[in-house]
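Participant: Sequence:
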Amino acid sequence: MKIGIFGGSFNPAHKGHINVAKFAMSELSLSPFKSKVKYLDAEDRINMLNLVKPENTEVSLFEINRKGTSYTIETIKHFRKNFPNDELVLLIGSDNLYKLHKWKDIETIAKEATIAIFQREDVFSKINIKKYNAILLKNERWTHSSSNARSGDFTGLDDKVIEYIGDNKLLLLEIGRSNLTVRRHKHCIAAGSMAADLAKANGVSAKQAWVAALMHDITKEWSNEKHKEFLLERGYDPTGTPELIWHQWTGALWLQDIYKVNDQEIVNAVFKHSNADAMPFEDLTTLDKIVYVADKLCDGRRYPGIQEHRKLAMTDLDAGFKAAAKYAMSEITKKYGSVNHFTLKKVGK
1 MKIGIFGGSF NPAHKGHINV AKFAMSELSL SPFKSKVKYL DAEDRINMLN
51 LVKPENTEVS LFEINRKGTS YTIETIKHFR KNFPNDELVL LIGSDNLYKL
101 HKWKDIETIA KEATIAIFQR EDVFSKINIK KYNAILLKNE RWTHSSSNAR
151 SGDFTGLDDK VIEYIGDNKL LLLEIGRSNL TVRRHKHCIA AGSMAADLAK
201 ANGVSAKQAW VAALMHDITK EWSNEKHKEF LLERGYDPTG TPELIWHQWT
251 GALWLQDIYK VNDQEIVNAV FKHSNADAMP FEDLTTLDKI VYVADKLCDG
301 RRYPGIQEHR KLAMTDLDAG FKAAAKYAMS EITKKYGSVN HFTLKKVGK
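In terms of the UniProt record's numbering, the sequence shown opens at residue 1 and continues consecutively.
Just so you know, these hints were derived from the structure itself, not from any lab.
Careful: at least some of the hints might be erroneous.
Stated by the list, open to error - In silico lysine to aspartate or glutamate, EDC-like type, Cα no more than 20 angstroms apart, as pairs:
1. Lys-207 with Asp-167
2. Lys-207 with Asp-41
3. Lys-81 with Glu-58
4. Lys-207 with Glu-163
Work the whole structure out from these sequences, hints included.
Facilitator: See the structure below:
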């Protein structure tokens, strides 16, 4: 039997990883492949890999169960001990070739396993291919990357992985960091922290409130053209509404349609957060109020009387909401002359 060992960050696993595994299995008759995962919790990484791994493959837990720094040589020794009579194939990307000679015990690795190289770029050094008798696979170049997923671009992910990420609220901080300025991201983190505290004081899920407040401005820095295009693609026309509040709608729809958050209360709270002060009070849920208050009163916000409003909100959410809304509406009135409640209309309606 030929056993393929496939190492990578898998943070998260994307279509490129799966394509490489399938290609190697076909070209080299391999089964199973091994994962070396980092960053996300081990349980989540394993679960996502198991959702999309090709048939006749397994996810090895050796490196996760083994504490401390993990070197490829230790993994090779593990498989050699457990499969003494089988051929081992180590599958690595061509981006590793330039430093392959620096790997710990690379001579032993090359002796115990055949090194198979899948091509990730058009130009790379072939010196170490010859030096370690490696096999160069003639695969097509797959451009998907885990870093793209961590920035919120899920086009390279399997739908099952996207749904898992959304269901388990993964990568939120990474996505925020990639899409917002430092100042805006810091504000969102502060809002998330305050929202969690308010939730605990009001019998609402702290995790739910944290997610909604953390992501309330996720599309805040999009261009007006991008906001409008995103809304029109989903059948909504923002014409006649202030551009200042478009991000509440695009942010909510991004969470729903792209991130697959699978929590309508979170989506609704983000959908209302900029214009909640102009909505009928009875139409707001506790979570809606929490996200609004956290946005307006979190650390980093400054205006006369805000400290009193913060204390009030922690003891009486409704009173805190009304105090924050009163100040916000007075400021809006000064700038724009009036405060109105705007609704997002479906195209053709």
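Participant: Take the hints in turn and mark each one as holding or not.
Facilitator: Tested hints:
Taking the CA atoms of Lys-207 and Asp-167, the gap is near 12 angstroms; set against the 20 angstroms cutoff, the hint holds. Between Lys-207 and Asp-41, the direct Cα distance comes to roughly 17 angstroms. Compliance with the 20 angstroms bound is thereby established for this hinted pair. Of the pairs offered as hints, the one joining Lys-81 and Glu-58 holds, with about 17 angstroms between alpha carbons and a cut-off of 20 angstroms not exceeded. Using a Cα cut-off of 20 angstroms, the hinted pair Lys-207 and Glu-163 holds, with the two alpha carbons roughly 18 angstroms apart.
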